[in-house]
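Now for the letters of each chain:
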Amino acid sequence: MSRRTPAPELEADRGILSAFDRRRGGVRIGMTAVHVVLAVGLVVAGLGPILWLAKAAVTPTQDTIQQPLALFPNGIDWANLSQAWIDVQIDQYFLNTIVIAVGSWFMTLLVATTGGYTLSVLKPRYWKVLNGAVLATLFIPSVVLLVPLYLTVVRPVTGGSLLNNYFAVWLPAAANAFTILLVKRFFDSLPREVFEAARTDGAGPFRLFWSIVLPMSRPILGVVSVFAIIAALKDYLWPSLVLPDPRVQPLSVRLPAIQSQVELDVFLAALAISTIIPIVLFLVFQRVFLRSAGLGGAVKG
Amino acid sequence: MTRTPKRTPATWLRGGGLSTLVFALPMVLVFAVFSWSPIVQSFVMSLQKTNLITSEWVGLDNFVRVLSDPLLGTAVVNTLYFAALALVFGFPLPILLAVLMSEVRRGKGVYSALAYLPVIIPPVVAVLLWKFFYDASPTGVFNSVLGWAGIPPQPWLQAQATAMPSLVLEATWAAAGGSIIIYLAALLSVPPELYDAAEVDGASIWHKIWHVTLPQLRGVIFIMLILQVLATAQVFLEPFLFTGGGPNNATVTVLLLIYRYAFQNSLGGNYGEATALSVLLAIVLALLSFVYFKLTDKWSAS
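First to last, the protein sequences are chains A and B.
In this text, residue positions in the first sequence follow my numbering: the first is 1, and each later residue adds one.
In this text, residue positions in the second sequence follow my numbering: the first is 1, and each later residue adds one.
Warning: the hint list may mix true and false statements.
[To be verified] Per the computed footprint, the stretches of chain B lying under chain A, defined by three or more beta-carbons under 8 Å from a beta-carbon of chain A, are:
hint: 1; stretch: 40-51
hint: 2; stretch: 98-106
hint: 3; stretch: 114-127
hint: 4; stretch: 141-154
hint: 5; stretch: 206-213
[Unchecked claim] Derived DSSO-like pairs (lysine-lysine); straight-line CA-CA distance at most 27 Å:
hint: 6; chain 1: A; residue 1: K128; chain 2: B; residue 2: K294
hint: 7; chain 1: B; residue 1: K131; chain 2: A; residue 2: K234
hint: 8; chain 1: B; residue 1: K208; chain 2: B; residue 2: K108
hint: 9; chain 1: B; residue 1: K131; chain 2: A; residue 2: K55
hint: 10; chain 1: A; residue 1: K234; chain 2: A; residue 2: K55
hint: 11; chain 1: B; residue 1: K208; chain 2: B; residue 2: K131
Since the hints were derived computationally from the structure, they do not count as laboratory data.
These numbers come from a predicted model, not from an experiment.
By construction, the Cβ of each residue, glycine as well, lies at the ideal position given by its N, Cα and C atoms.
Please put together the full structure from these sequences, using the hints given.
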């Protein structure tokens, strides 16, 4: 199993093709063909559906149905967007989505950093047991949890149901062994001498955590944030079970329900609006996204 | 830290035991309530008849009833079919694309971003959008494209034969980008000296791919394979939103069956049977992963 972290300088080096290969006529033609195939294929498959959705969001229903691939045969219908935003109350669901994502992000980060700090830095006598108990949950398929978790939320030990309460989404999202593993591994790699120096200077565990460990951990906090927010934006099944009241549901849960209630052009506008948050996040934090995706593989490897 | 003093509550407190507990608490609480306890409960509940108020022990009744459900066979076959199609068509594609992308000199960043875009789209949006693309009329989006090539319109989601392949096509599109990024990262860690050495031995490009690149990726490929199998065995969203299990039960999967037992039951949630089936699925998947890792360990060693 390759656990080696790729050294960045290798990237500029060579791959399968040598400099000699690249000068050969056949290879040059081949690489040009590869470029064309990749460019066309990835634009069509990656960007195509999003561009089509953006177009359809401002196209009248009849045009979308009769000539789905024509570009505005009968003009643009901007009203779709405002209709979706106001009449279908996408604004409300949009806000709910943000509240769910931000809450899940905060809870995940809180549990992962304090938990990782306990397991990596404080290391109480019981840390190995705790570590094992957390890691063991990685091997349990999430399907096993679905029904008992649902019943936990419906009739919690504290009494009173957590249904329609955002904590029912936030807290299970934070019980994520994968993010704790990521954070713990990162904390493990921080230089112990810095901790010792801080302790000698009289820093207690809270100060060490807040002023030394967290500021040194920005890269991994970014990665965990991306994981947490994207997972929250993508989730459908769990929020649909524990948030039955439409007024508190996020976009992902509402969209299938409103499909039959609104006209197609407005529905497609609603779909388009739902892609805005993740796409903007991706464009702004592209590097963190792609690093997280690669890191996910490195840890799995 | 060399001497170990006698442990009393006072030394524990002075040694920072309390603050350690404060740091451990969020993790312990959240895991206890939302992870450890539900895991234990799932085994308990599979042996019980449960409604929201009372529970009674029924032994293996739930398992017997689940296993004698005539729909279970269909669901298992459908799930295997989904997994097999995803494996044959969806699994090699990201490896191929990643190898090609790693060889281009310019535009690698743009290509990665484009490939990753479908992963960013929330799955619900993607499925609902593709549901429209799959419109079976001749003016449907995909049927229009097929029409340019002179291919007659396809029924896509509406026929038993084409429904499942349609779900796999969308699922592959949605997941490929994530795998591509992982393979790209793994390709970076292939030592360039190996290619140099292969060239000294006169290896052609195909030889280098076959004898250097793929063997070097072996570990990642093994892991990605089992992860994909585990994920596809638990496929839910696509059949649930695209077809609801139809047409004529052609896309009912095991997870859809679990969901129906628990949450779409007109007689109230049948939580016992739902957990029994979940536990069965989990045991099968655990056995599968165990055998898989034993086998791949042997192959990796040899």
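Status of each hint after checking the structure:
By the rule of at least three residues with a Cβ nearer than 8 Å to a Cβ of chain A, the coverage given for the stretch 40-51 of chain B holds, with 4 such residues. With a threshold of 8 Å between beta carbons, the proposed coverage of the stretch 98-106 of chain B by chain A holds, since 6 of its residues qualify and at least three are required. Here the stretch 114-127 of chain B counts 13 residues with a CB under 8 Å from a CB of chain A, which clears the bar of 3, and the coverage holds. Three residues within the 8 Å Cβ limit are the bar, and the stretch 141-154 of chain B against chain A gives 3, so the coverage statement holds.
With 4 residues having a Cβ less than 8 Å from any Cβ of chain A, the stretch 206-213 of chain B passes the three-residue criterion, so the hint holds. About 26 Å separates the Cα atoms of K128 (chain A) and K294 (chain B), which keeps this hinted pair within 27 Å; it holds. Between K131 (chain B) and K234 (chain A) the alpha-carbon distance is near 18 Å, which keeps this suggested pair within the 27 Å criterion. Simply put, K208 (chain B) and K108 (chain B) have alpha-carbon atoms about 21 Å apart, close enough for the 27 Å limit, and the pair holds.
Annotation: proposed proximity of K131 (chain B) to K55 (chain A) holds, straight-line Cα distance about 17 Å (limit 27 Å). For the suggested pair K234 (chain A) and K55 (chain A), the alpha carbons sit about 23 Å apart, so the restraint of at most 27 Å is met. For the hint linking K208 (chain B) to K131 (chain B), the alpha-carbon distance of about 42 Å lies beyond 27 Å, and the restraint is violated.
Hint violations for this structure: number 11 only, all remaining hints satisfied.
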